[in-house]
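Novice: Protein chains in written order, with the working numbering: chain A, 1 to 376; chain B, 1001 to 1476.
Honestly, the hints are just simulated from the structure, not real lab data. The C-beta atom is built at its ideal place from N, Cα and C for all residues, glycine as well. Heads up, some of the hints might be wrong.
[Said to hold, decoys possible] Calculated Cβ distances over 10 Å to all of chain B for the following chain A residues:
| no. | residue |
| --- | --- |
| 1 | S2 |
| 2 | A19 |
| 3 | D62 |
| 4 | H102 |
| 5 | G131 |
| 6 | G152 |
| 7 | N312 |
| 8 | D330 |
| 9 | E341 |
[Said to hold, decoys possible] Quick list of the computed label-pair ranges, beta carbon to beta carbon:
| no. | chain 1 | residue 1 | chain 2 | residue 2 | range |
| --- | --- | --- | --- | --- | --- |
| 10 | A | R70 | B | D1034 | 52 to 58 Å |
| 11 | A | A367 | B | D1450 | 56 to 62 Å |
| 12 | B | Q1076 | A | E310 | 52 to 58 Å |
| 13 | A | P115 | B | A1444 | 53 to 59 Å |
| 14 | A | P115 | B | N1026 | 52 to 58 Å |
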Amino acid sequence: MSDSMQRIKELTATIENEAVRSWKEGGGKVFGYACVATPPEIIEAAGVLPYRIRALGNPDTDIADSHLSRFNCSFCRSCLQLGLDGTYDFLDGLIETNGCDHLRGMFENWQYVKPVPFFHYLKVPHLVDEGAVEYFVEEIALYRDAIGEAAGKEISDEDLRGAIASQEKIRASLRDMYESRKAEEPPFTGEEALALVLLSSAVSSDEFLELCSAVVDERKGSGVGDYNARLLLIGAATDEPMLVHEMESLGGLVVSDAMCYGSRAFWTPIDTGADPVRAIASMYLEQLLCPRMYEDFPRRLQYVKDAIEEWNVDGVIAVHNKFCDVHGVDNVQMRLALEKEGMPVLTLEKEYGSAADAGRIRTRVQAFLERIGGRR
Amino acid sequence: MTALKVAAAPTVGLFDRVSDLFAVINMLPDTMSDEEITGLMKVLPPDSAHSLTAMLKPHLREGSLAFMKMLAGWLQQAKEAPEQGKKAVLVPFNFPPELLHAFDNAYPITSELLSSLGVIALEGRGERYWDMARGLGLPDHICSSNSIELGSMLASDDFRPQALVSSAAGSCDINAKIHEFVSHYHDIPQFLLEKPVDDSERGIEQFQKNYLLLVGRLEEFFEEDLTYEKLLPVAEKTNRCAELFFDLWDLHKASPCPVPNLFALYTYGVRFSMWGTDAGIDCMNTMVDVSKRRLAAGEYPAEREVARCLLVYTSYYFDLANLFNWMESKGYSYLADGLGLLFPEPIDTSSRESILRGLATEAINMPMTRQVGGESMSMSWLEDALYVAKELNADCAIYSGHHSCKQTWSVLSILRTEMMERAGVPLLALEGDSWLERMTPMSAIQQRIDEFVTNVVASKTETTRRKVGRKKREEA
Chain A
1 MSDSMQRIKE LTATIENEAV RSWKEGGGKV FGYACVATPP EIIEAAGVLP YRIRALGNPD
61 TDIADSHLSR FNCSFCRSCL QLGLDGTYDF LDGLIETNGC DHLRGMFENW QYVKPVPFFH
121 YLKVPHLVDE GAVEYFVEEI ALYRDAIGEA AGKEISDEDL RGAIASQEKI RASLRDMYES
181 RKAEEPPFTG EEALALVLLS SAVSSDEFLE LCSAVVDERK GSGVGDYNAR LLLIGAATDE
241 PMLVHEMESL GGLVVSDAMC YGSRAFWTPI DTGADPVRAI ASMYLEQLLC PRMYEDFPRR
301 LQYVKDAIEE WNVDGVIAVH NKFCDVHGVD NVQMRLALEK EGMPVLTLEK EYGSAADAGR
361 IRTRVQAFLE RIGGRR
Chain B
1001 MTALKVAAAP TVGLFDRVSD LFAVINMLPD TMSDEEITGL MKVLPPDSAH SLTAMLKPHL
1061 REGSLAFMKM LAGWLQQAKE APEQGKKAVL VPFNFPPELL HAFDNAYPIT SELLSSLGVI
1121 ALEGRGERYW DMARGLGLPD HICSSNSIEL GSMLASDDFR PQALVSSAAG SCDINAKIHE
1181 FVSHYHDIPQ FLLEKPVDDS ERGIEQFQKN YLLLVGRLEE FFEEDLTYEK LLPVAEKTNR
1241 CAELFFDLWD LHKASPCPVP NLFALYTYGV RFSMWGTDAG IDCMNTMVDV SKRRLAAGEY
1301 PAEREVARCL LVYTSYYFDL ANLFNWMESK GYSYLADGLG LLFPEPIDTS SRESILRGLA
1361 TEAINMPMTR QVGGESMSMS WLEDALYVAK ELNADCAIYS GHHSCKQTWS VLSILRTEMM
1421 ERAGVPLLAL EGDSWLERMT PMSAIQQRID EFVTNVVASK TETTRRKVGR KKREEA
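Work out the full structure: start from the sequences and follow the hints.
Specialist: Here it is as structure tokens:
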């Protein structure tokens, strides 16, 4: 493993990583958000570190289970657990979105039991039409005011443009890294790619860009060739590098994804020339690729089909956490649509971070790989 | 050697079976003797007979027949809609159907109500349709209230609507998602009405805009202008239904409660189907009349009212006898449940615009939309639950714990804590599936309710009585 990749893995192996600690020691504030529809640009423009909440496969939910129920998704329960057990005490603020019913419950319970100093609710429509876009433009403006007030800084258009450019650099480098995985022998495994995506929302922009550039340079000319099938991972909030590691240890190689903690968070470039608030509203609503958008299945399907073709995919694994409504149904719809076109799909419902589930997942992935493995 | 029997594929859909059964019920006379009821039950399949026996108990008979005949008319009109040049539109329960009643070219059918009728009235309680939905690979945690009916639509040659209105975006992911799925699977146009999770003036104004936008889209789809002349009678009848709802509401305040437990279910059965129509008014009128007579006569099914129960969200629908009627027999009054948390406001009928604004307000106040579609799921739900508990003098609250209601499950602990702290109302959290008998042993539900009332509620009310008595003595 290269030095930079080693460093990336270290930084993404813990919630409060060294970069966050150092940021806090320097007097900086950190605001947490969970949903892909939350623009980190505005947080960054206020001089605050945006940190995307994750659970990194944490399987313990005993504290969270006395607030959320066993019928709520285990990813949200894991995140709430870390919110309540002190792991996220470094956060100075939280931004809620109505990403899904489970996420809303997670934020409400977090604020009810252990309020953070600053809390803002960004309301994201579930459809795109003129009215919804205008409403969201206003929401973004309110969000900007609230963040600015909490950070003690009036966010100017110039600040916002600067943060948009900075976040766009992050997205562009992730896109480049994903493009490189189209090669027959990709320079990154799926597990490594996920680590880079996780890093992008867990350290400052500058730190990410430096590490990303270094690891891309180090990997030039090298590639992963020892695999049986090229896989596309689609579905729910999955920030578990170990899950991808398991899949890859069985002979599959995850060459791309359409995941929430994956390409869906950075694939579309933002319009840097437009009015900054409108550009952000457009990016995080009109371009949002998420099954919570109830009129948008054809666009999501097209995105997956394009990825299958461009990354020369042999099989799709559609993953979701138990009780996830939006992905649970969307994954079935995806499977039906893709299988109709001859693309093998494994729908994998799982408990988040559960060691007890690991054997079952291995068996199912193994069977799937054997089914499609002869193609390569 | 035993011959292998292969069952025929169940191609008859839920809607067709339910509408056929209700067509028969519609032929029953308005008054029936016990002997006639007994005879009728002998020709019905066991599951159907079990439910109808519960509904046709003497004290319920008049109201139940009115309710079933109203539904028979609703189903019949839906079935005949295509022949009459109307488009049948499938709506979720939280979409007020009166808007569609105002169109000449449209007719509303409600997916959750159809599922419930299948569960209540059909042999096999609609489970085969749930299995069909599961057979497509849909997860086991999707909501049976939608998936029983929609499973039938997805996998049988059942009646199909010409359009869907989906109005759960913002208040229930799975409801919105399953409607989206059906829309794509059968290529049926979907019209989405979003309630922003925003209780500010801006959020309410946005909802009004969304509603008007939906009206415009529907006018285009039905090729029909929704004129003042078409809206006025519906708005007036909607207002009349609301008045009768409040009459019934006030009757619930008496102790012992003169309103039979099952009327809670019938009330929202009207709300989700024939609200704003003459048939809806007739049914509400009957329930009010029956309850008034019972109040005057001091009738109550048990020796005394032991507990006044508020179910804070869904109920259980597959065994009316062993929930609603059993509770009555024990003296547990069923005051309302979450689906009956209706807060109708009078519609200003002075203009087309005022009526549409009033209808939009109806829509924003629909159950589920109003509570968990609020800015804070827990606080909006809590406010309504507390209000109803205080207004109707509830001793306790019960959460049925329908496993698919992830939004309510996710904030239940807050509701439970706050109801106790703010109003001293204890809450029992059950677990089960409101529409699937196979998931939920009713005997266990009964046992838990019994234990809760005996150990928590009755002792609480006894303590309160003692405190009141002591205070009175001190004052004396």
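Novice: Would the non-interface assignment of G152(A) survive a Cβ cutoff of 10 Å against chain B?
Specialist: With a cut-off of 10 Å, G152(A) remains clear of chain B, as the shortest Cβ separation is near 25 Å.
Novice: Grab the minimum beta-carbon distance between G131(A) and chain B and tell me whether it stays above 10 Å.
Specialist: Non-interface label on G131(A) violated, nearest chain B Cβ at 5 Å vs cutoff 10 Å.
Novice: Is the Cβ of D62(A) more than 10 Å away from each Cβ in chain B?
Specialist: holds, 14 Å
Novice: Since A19(A) was said not to touch the interface, does its Cβ keep a gap of more than 10 Å from each Cβ of chain B?
Specialist: Holds, because the least Cβ-Cβ distance between A19(A) and chain B comes to about 32 Å, which exceeds 10 Å.
Novice: Is the nearest CB of chain B more than 10 Å from the CB of H102(A)?
Specialist: violated, 6 Å
Novice: Please verify that the nearest CB of chain B lies beyond 10 Å from S2(A)'s CB.
Specialist: The claim stands: S2(A) keeps its Cβ more than 10 Å from every Cβ of chain B (closest is about 40 Å).
Novice: Decide, holds or violated, for the assertion that all CB atoms of chain B are farther than 10 Å from the CB of E341(A).
Specialist: With a cut-off of 10 Å, E341(A) remains clear of chain B, as the shortest Cβ separation is near 15 Å.
Novice: Given a hint of 52 to 58 Å, does the C-beta separation of P115(A) and N1026(B) actually sit inside it?
Specialist: holds, 57 Å
Novice: With respect to the beta-carbon atoms only, verify the hint that Q1076(B) and E310(A) lie 52 to 58 Å apart.
Specialist: Given range 52 to 58 Å: holds, Cβ gap about 54 Å.
Novice: Go ahead and decide if the range 56 to 62 Å is satisfied by the Cβ distance of A367(A) to D1450(B).
Specialist: Violated, at about 48 Å.
Novice: Could you let me know if the closest chain B CB is still more than 10 Å away from the CB of N312(A)?
Specialist: holds, 26 Å
Novice: Against the range 53 to 59 Å, how does the distance between the Cβ atoms of P115(A) and A1444(B) compare: consistent or not?
Specialist: violated, 38 Å
This entry does not satisfy hints 4, 5, 8, 10, 11 and 13, going by the numbered hints stated previously.
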